[in-house]
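Number of protein chains: 2
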Amino acid sequence: MSSAVSPLAPTEVPDMPVIAGVRLATAAAGIRYKGRTDVLLAIMDKGTNAAGVFTQSKCPSAPVEWCRAQLKGGAARALVVNSGNANAFTGKTGRQATTLTASIAAKAVGCKPNEVFLASTGVIGEPLDATKFDGVLGTLADSAAPADWMGAARAIMTTDTFPKVATATVKLGKAKVTINGMAKGAGMIAPDMATMLSFVFTDAPLSSAVLQSLLKSGVQDTFNALTIDSDTSTSDTLLAFATGTAAAHGAPKITRASDPRLKAFTKAFRAVLADLAEQVARDGEGARKLVEVIVEGATTSISARRIAMSIANSPLVKTAIAGEDANWGRVVMAVGKAGEPANRDKLSISFNGIRVAKSGARDPSYNEAEVSEAMKSPKIQIKVSLGLGKGRDRVLTCDLTKEYVAINGDYRS
Amino acid sequence: MSSAVSPLAPTEVPDMPVIAGVRLATAAAGIRYKGRTDVLLAIMDKGTNAAGVFTQSKCPSAPVEWCRAQLKGGAARALVVNSGNANAFTGKTGRQATTLTASIAAKAVGCKPNEVFLASTGVIGEPLDATKFDGVLGTLADSAAPADWMGAARAIMTTDTFPKVATATVKLGKAKVTINGMAKGAGMIAPDMATMLSFVFTDAPLSSAVLQSLLKSGVQDTFNALTIDSDTSTSDTLLAFATGTAAAHGAPKITRASDPRLKAFTKAFRAVLADLAEQVARDGEGARKLVEVIVEGATTSISARRIAMSIANSPLVKTAIAGEDANWGRVVMAVGKAGEPANRDKLSISFNGIRVAKSGARDPSYNEAEVSEAMKSPKIQIKVSLGLGKGRDRVLTCDLTKEYVAINGDYRS
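These protein sequences, in sequence, are chains A and B.
At position 84 of the first sequence the residue is numbered 83 (numbering that gives the first Met the number 0), and the sequence of numbers has no breaks.
At position 297 of the second sequence the residue is numbered 296 (numbering that gives the first Met the number 0), and the sequence of numbers has no breaks.
The hints are simulated quantities; they were obtained by calculation from the structure and are not laboratory data.
Model, not experiment: these values are computed from the prediction.
You may find that some hints are simply not true.
Identical copies go unnamed one by one, so any copy, or any two together, can satisfy a pair.
[To be verified] Simulated crosslink set (DSSO-like; lysine-lysine; CA at most 27 Å straight-line):
(1) Lys91 x Lys345
(2) Lys106 x Lys401
(3) Lys389 x Lys345
(4) Lys401 x Lys375
(5) Lys357 x Lys401
(6) Lys57 x Lys357
(7) Lys389 x Lys378
(8) Lys401 x Lys378
(9) Lys45 x Lys71
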């Protein structure tokens, strides 16, 4: 684990308001890490609706399978998250561990096991000893309180160097409602639905179908437009919980995703997801630069996404950024290998607004000194204009540094 | 450029026999590197047939486009290779540079420009000053001689740490024929047809159609089953030349790829390609481990290839290997993200013959000390058994080290 906080960490941390109907507690259960919190219990009031999106991995973790199954009910009373062990590729033992954890949590909270959601993150393939939750979860249920969102975000970290939270307050009908979110993730980040672990809570009275719809559309340009290392986790989980407690002060119950009253909420919800996703990029393992890749002029937006991802996942582009080198030749390479329509002779490329290539060749006005200076910035925007159509997309990533290799060369051992 | 020779370099270098009808010469033209050879001229006798496969990049280099066009004629008299500048993404200037180079070479050799093949490797996006070839190529044509294959292989290097050659002698009919090959490449290696630059010469009397057929089938399990960093070059070029000079001592002329007399030759030809491809993996930028990924039990061989490539391209798998960590959890992750049929609970994984995971969980007999010892080997074999069908494939790659990042963070600047 790297210990120094990422230089790209946000400088300001938001005050996280309380969400009525949600209580949090954390503990050090000794799952893997010594002397740090590694278990989060979130308890939700009766009436809380749940939704979730998960990794598209063909080898998902046991908790992912557990959550998928429980979402059918749509009701949630508890969320148990542990860091240090992903409970992935653990076979029958893994399934038994999820069942046991849920029953321990259900007993502690006073609900049914199928109202308990689980997420695990950490090493893959090691059996998770769920008996460690016995006792701990009971204590946590007793001490759970509404306030410590930052502590909760800290308890779910693995190689993360800072806890990631985001919040928004927005009107639903005439009532104020709140959205709080947290996320963890620094490596094995290349979402194919959601990525890593992220949990969003709101007091808005939304049905689970509405919540699911918000999640599904919300992740496309946030978590799904993010890559650290092209490696999709077996554990990617994004869960959303709506306690509905804001109904008590007049928030309307929303049961259709197309409800016009949902407009401001949808925007705020998406902003929370986008904020969390950007924080994940800012905490990419070993990251020293936040990289925004914009592709425009593609034949379609899907094509733009594929080209943007090809650039964002290219080790050669990422190492060039680490070296503060505006190596647009490697961007050309990454466009070329994407397999999407591209015409070399129409291609333009800019770094932080400075156009370095135009119409398939070096921009005549390109000044190496000016662009070299721009590459020193901690935020690099690569913009590629294909000149073919109106397809546009944007993805976030980070640079590839020696620290990434160091972190991942020693993580398990 | 890294200077120390890769620890994975072959310990024995083959004696490269002369191929009648091929003469070689190299020079330092100062294209980019100072004080080292950077131009290769190969001159072939009249009657030489040519074939080639190239990058599938949508943004190919000017020399790739030039070669594609000239292959229609099927005849070759000269090959000009320069290292240091790829003449890629150089627009109209790039096309003019290829035309000028070919006409200079044609004059020097005494042939038509459309019998001249070109390949360039090095930085992308910098204009190539083809006037530098003027004079040099004339001198080279005068001094060209049959012997110095190693010098030729050295002249085409960029970040390579050792020259790559391979040879085979085999019977065609009752006559002995020879196949000599060379390759360069260390980074931006993820072939989608051929990869990097490679040139194969033979005195066998093969038509260009036969040669093309041999190349096309030969690359599938050699150069196309190789990845260093998932980044497909804009310049990938594999050219084969058959002088036909062996006809003088009785080798039969082969004009059909299905000719049964071609059997031994096909095998030897493939072995030369496989040898060169493995040498490219052994010289992967910063590589300290040669990694062979075998996937078996897939639904099809295409599916096996995709899963093998997903493993071989995973930064997390590659950094784990660099850290001598048998992190099979990351192999599971890479299988899961490939998007191909896989059943977690049937999956088995072994490192260098030691099974670490079985039926979707840790192998009970798995001994950490034993596998840790095995991971110290410079050659690591990862074998994944999916247990679904008979699809099998094998790809080669290398580990991902801090040196890769260092090499590529400073290459252009």
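Tell me, in ascending order, the numbers of any earlier hints that this structure violates.
-> Going through the list in order, the structure violates hints 2 and 5 and respects the others.
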